[in-house]
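In the order they appear, the protein sequences are chains A and B. Just so you know, my numbering puts 107 at position 107 of the first sequence, and the rest follows in order with no gaps. Convert by adding 1000 to the 1-based position in the second sequence; the result is the number in my numbering.
A few of these clues could be false.
The calculated EDC-like cross-link candidates involving lysine to aspartate or glutamate, where the alpha carbons are at most 20 Å apart (straight line), are [said to hold, decoys possible]:
id	chain 1	residue 1	chain 2	residue 2
1	A	K262	B	E1261
2	B	K1236	A	D129
3	A	K233	A	D197
4	A	K181	A	D169
5	B	K1064	B	D1137
6	B	K1282	A	E240
7	A	K270	B	E1283
8	B	K1210	B	E1076
9	A	K205	B	D1023
10	A	K359	B	D1233
11	B	K1264	A	E211
12	A	K181	A	E195
13	A	K262	B	D1017
14	B	K1016	B	E1216
15	A	K205	B	D1196
16	B	K1086	B	E1059
17	A	K254	B	E1216
18	A	K180	A	E209
19	A	K262	B	E1181
20	B	K1282	A	D362
21	A	K262	B	E1140
22	A	K477	B	E1181
23	A	K270	B	D1233
24	A	K189	B	E1261
25	A	K340	A	E192
26	B	K1055	B	E1112
27	A	K189	B	D1023
28	A	K229	A	E240
29	A	K262	B	E1144
30	A	K181	A	E198
31	A	K196	B	E1184
32	B	K1282	A	D197
33	A	K43	B	E1144
No lab work stands behind these hints, which were simulated from the structure alone.
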Amino acid sequence: MLDLLSGFIIELRNAGLPVSLTENLDAMHAISHIPLEDREAFKYALGATLVKNNAHWRSFETVFEVYFSLRGPEYSITDGDGEGSIDDLLQQMQDAQMKGEGNGGAGGMDSLTPEELMNILMNALMNGDQALMRALARQAVQRFAGMEPGRPVGGTYYLYRTLRNLDLDGMLDKLMEASKKEVGGDLTKLEERLEKDEYNDRIEKFKQEVEAEIRRRLVADRGAEAMAKTLRKPLPEDVEFMHASRDEMQNLKKSLQPLTRKLAARLARKRRHGRKGPLDFRNTVRHSLAYGGVPAEPKFKYPRPAKPELIVIADISGSVAAFARFTLMLVYAISNQFSKVRAFVFIDGIDEVTEYFKKTEDISEAIHRINTEADVIWVDGHSDYGHAFEVFWDKYGKEINPKSTVLLLGDARNNYHASQAWVIKEIRQKARHVYWLNPEPRSYWNTGDSIVGEYGTHTDGVYECRNLRQLEAFVEKLA
Amino acid sequence: MDNRFESVQSVRDGLKDVNYLADDGIAGVVFLADRLGKPILVEGPAGTGKTQLAKSVAELIGAKLIRLQCYEGLDESKALYEWNYKKQLLRIQADRNSDAWSDIHDDIFGSEFLLTRPLLEAITSKEPVVLLIDEVDRVEVETEALLLEILSEYQVSIPELGTITATQIPLVFLTSNNTRELSEALKRRCLFLHVDYPQMEREKEIVLTKVPGVTEMLADQIARIVRSIRQIDLKKAPSVSETIDWARTLVLLGLDSVNAEQAKETLHVLLKYQSDIAKAAKELSDD
Ligand SMILES: Nc1ncnc2c1ncn2[C@@H]1O[C@H](COP(=O)(O)OP(=O)(O)OP(=O)(O)O)[C@@H](O)[C@H]1O
Ligand SMILES: [Mg+2]
C-alpha cells in the first residue's frame, strides 16, 4: 500500500502538483483512518491532504483513477504490488454485468444484438439507472473499442471508436422525442431545456463510465506508471493557448475568473498600501492647529498614481485567437486599474471594439461580438500585420499620447507581407510604453514567417505569454 | 482523546439531523479533521454553505461556536488577546506607594488583566468548542502568521505570560472566498475542502429542508432550473442561499409548481446583475 501511495505521489508531482513532505505524511495518516473498501472516502482523504488548490483537482482525479481503479473486485483497494491481469479484469466485468442486468438471464449482454443493446441503453438513460449504465459502458467498450493488449494506441482513439458506434447525439434526439410522446404534445421551451439538461447530464455520466472503463483496461495492459505518463495533462495555468483542446479551453475559462478576482484584489491592495507619499508639510501644520500647534497628525502627500491608458491591438486570426481572447478578458476584468482601455482587433483589416465592452458588463458577450461582428477581413483573412498597423496609424495614430501604454498581441506571423515596422517605431515615440506579447514559444520566434524580432526592436520588450501563468505575471506587472 | 465521530457516514447522517446536507467530500473531510486533529480550510464560491458547515458541526457535537470574523486590518489585539490597559493603570495607581515595581509588573501581566479574544478563548475554553475563522482571505498575508501557531500546535505564546496550551483540541474551520492566494504555510497545516455548488439532487434536498411549505414538485423544478441557469455564462451564478431565497419567494406567492413566466418574473431574486437576468430570461422562456 505504501509503495502504491508513494508511486501515486511521485506521479502527482510529475503532473505539476506541489506536494510537500508534510502533506505526504498527512496523506499516509489520513488513509489509515479510512476503511480501504470505501473508495470515495479514500479519494477525498487523499484530496484533502494533497490538493490545496481546486484548479488542480482534475489532474488529481485523473492520477487517482489510474492508480486506484484496478485494485481488486469492484475497484476496492487491495494490498499487493502486482498489477491486476486482464483476465481478472474481464472476470470482474462479467460479474458487474450480471449485477447490472438484474433480472438478466444467463449469457449476459454478449449475446445481445446491437439494436437490443441500444434499446437497453436508451432505457437506462431514460430512467437514469446508474448500475445498468455502468454495465453498458463496459459492454460497449468490449464490443466497439477494439482494444488489443500491447497496442500502442492512446485512450482517446478507443473512446472515439466506442462513441462513434453509440451515436449519443442521435440518442439525445430520441430521448427528447420519447419525452414529448410521454406528455402527449409539445414541451414548453423551459420544459424542453430542463429535459435536455437532465439527459445531457446522464449521457455525460455514461461517457465518463466509458472513459473509465477504457482507462481501467489500459492500466491493466500497460501498468499504472506508463498510463499515468500518457495521460499526464498540464495544469490549467500551464496549458498553452495555442494548443489547447476544447476541454482544456473550458477549464482555462473556468480558472480565469478566480484568477482575475485574485489579481484584482492584489492590485487594489497594492494601490491602497503603496500610496503614502512624502510628508506634506503644509497640510500637517494646518492640521496641527487643531492640536494647539502640535503636529500630532502627520499628513502625507498622496502622489496620485497616474493610471495608464491602455491600448490593446490584437491579432485574432486562427491559432492566436484564443490567446487574444484571454488577454482581452483579463485586461477588461481589471480595467479599473487603467484610466481607459481601448481595444482593436485585426486579421488583415483592423477594427476598434472598445464599444462592445462599454455596452455590456458581460465580458464574454463582448468577446462573442468580436468573433461575430468585428470587421477584420480586408483581402483574404490571413494575418497581415503590416496593413493592419498602417491603417491603425492613419486612423488612430494621433490619439496616442504620453499616457498611453500600447499592447501588441500576436505571433507576428505576417505571411511574408511587408512589415511596416515603422508604425511601431512611431507609436513608441508618442506612447509611454509599447509591449509585444507573443503566445509562441520563444524558440519559434523569427522562424518561418515570424518577424517578431523586427517589430520587437521598436518596443520596450517582447514577452512570451504561452499560458495563463505567464500572461498573469505580465499583466500584474503592467497594472 | 475520544473521537467525535464513528464513521464518515455518521457525520453525514448527523449533519442531516441538524439540517445540513453534506456530500461525501464534506462528510469525509470533517471526519478526518477530527481523527487527525487538523483544521479544515473550506474554500468555494459565495453562499455555498461554508460558514453554515462550521455552525452545523458545532450544533451536531453540542459545542460552543467561537467565531473570528476576519477583515483587512485585523490584528493580534482583536484576534488573540489584549492587555486591559485601564485596569492595569488603575492597579498601578492604587499601589503607587507600596509595592516594588517588579511586583507590580508581575501582577499586572497576570491573567486577571488579560482580555481574551476569539483565538485565545477557543483554546482556553473548558467546554467543547468549534472555532470558525471566517473569510481568512480578507486579512493580509502577514496577519496569517498570527494563526499559524494556533493551527498547528493549538497554543498561544504570550511574551509576558508564557505559552498557553489548549486543554482540548477544538475542531477548527477556516473559510475563504479565494480572493487571494493563502500562504503555503497556512495551507500546509490544513485539510483542504472545496465546497462547490451542490449537485442537483442535493440542492433539492437543501430546499426541502430549509424552506417550509415547499412541495416536492416545486423543489425539484427549482433545483433543475438553477442547475440549468448555472450552465449559462453569467457574471455571477446563483448561490445556494439565492436558491433558498428564490424558493421562499415562490412559496410566498402560493405556488406549488413554477412555469417559465413565473420564473422569469422572479429571476431578480436569484440573480443580482441586470445583464444576467436578461440573459437567463432569454434562455428560459418562449418569447
Ligand atoms: N449543504 C447545505 N445544507 C443546508 N443549508 C445550506 C447548505 N449549503 C448552504 N446552505 C444554506 O445556504 C446559506 C448560505 O450559506 P453560508 O452563509 O454558509 O454560505 P458561505 O459559503 O459561507 O457564503 P459566503 O462565502 O458568502 O460567506 C445558508 O442559509 C445555509 O443555511
Ligand atoms: Mg460565509
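Results of checking the hints against the structure:
no., hint, result
1, A:K262 <-> B:E1261, "violated, 38 Å"
2, B:K1236 <-> A:D129, "violated, 33 Å"
3, A:K233 <-> A:D197, "violated, 28 Å"
4, A:K181 <-> A:D169, "holds, 19 Å"
5, B:K1064 <-> B:D1137, "violated, 24 Å"
6, B:K1282 <-> A:E240, "violated, 34 Å"
7, A:K270 <-> B:E1283, "violated, 40 Å"
8, B:K1210 <-> B:E1076, "violated, 37 Å"
9, A:K205 <-> B:D1023, "holds, 18 Å"
10, A:K359 <-> B:D1233, "holds, 17 Å"
11, B:K1264 <-> A:E211, "violated, 38 Å"
12, A:K181 <-> A:E195, "holds, 13 Å"
13, A:K262 <-> B:D1017, "violated, 37 Å"
14, B:K1016 <-> B:E1216, "holds, 18 Å"
15, A:K205 <-> B:D1196, "holds, 18 Å"
16, B:K1086 <-> B:E1059, "violated, 37 Å"
17, A:K254 <-> B:E1216, "violated, 32 Å"
18, A:K180 <-> A:E209, "violated, 27 Å"
19, A:K262 <-> B:E1181, "holds, 7 Å"
20, B:K1282 <-> A:D362, "holds, 15 Å"
21, A:K262 <-> B:E1140, "holds, 13 Å"
22, A:K477 <-> B:E1181, "holds, 17 Å"
23, A:K270 <-> B:D1233, "violated, 30 Å"
24, A:K189 <-> B:E1261, "holds, 11 Å"
25, A:K340 <-> A:E192, "violated, 44 Å"
26, B:K1055 <-> B:E1112, "violated, 30 Å"
27, A:K189 <-> B:D1023, "violated, 32 Å"
28, A:K229 <-> A:E240, "holds, 18 Å"
29, A:K262 <-> B:E1144, "holds, 17 Å"
30, A:K181 <-> A:E198, "holds, 17 Å"
31, A:K196 <-> B:E1184, "violated, 43 Å"
32, B:K1282 <-> A:D197, "holds, 16 Å"
33, A:K43 <-> B:E1144, "violated, 29 Å"
Of the hints listed earlier, those the structure fails to meet are numbers 1, 2, 3, 5, 6, 7, 8, 11, 13, 16, 17, 18, 23, 25, 26, 27, 31, 33, in rising order.
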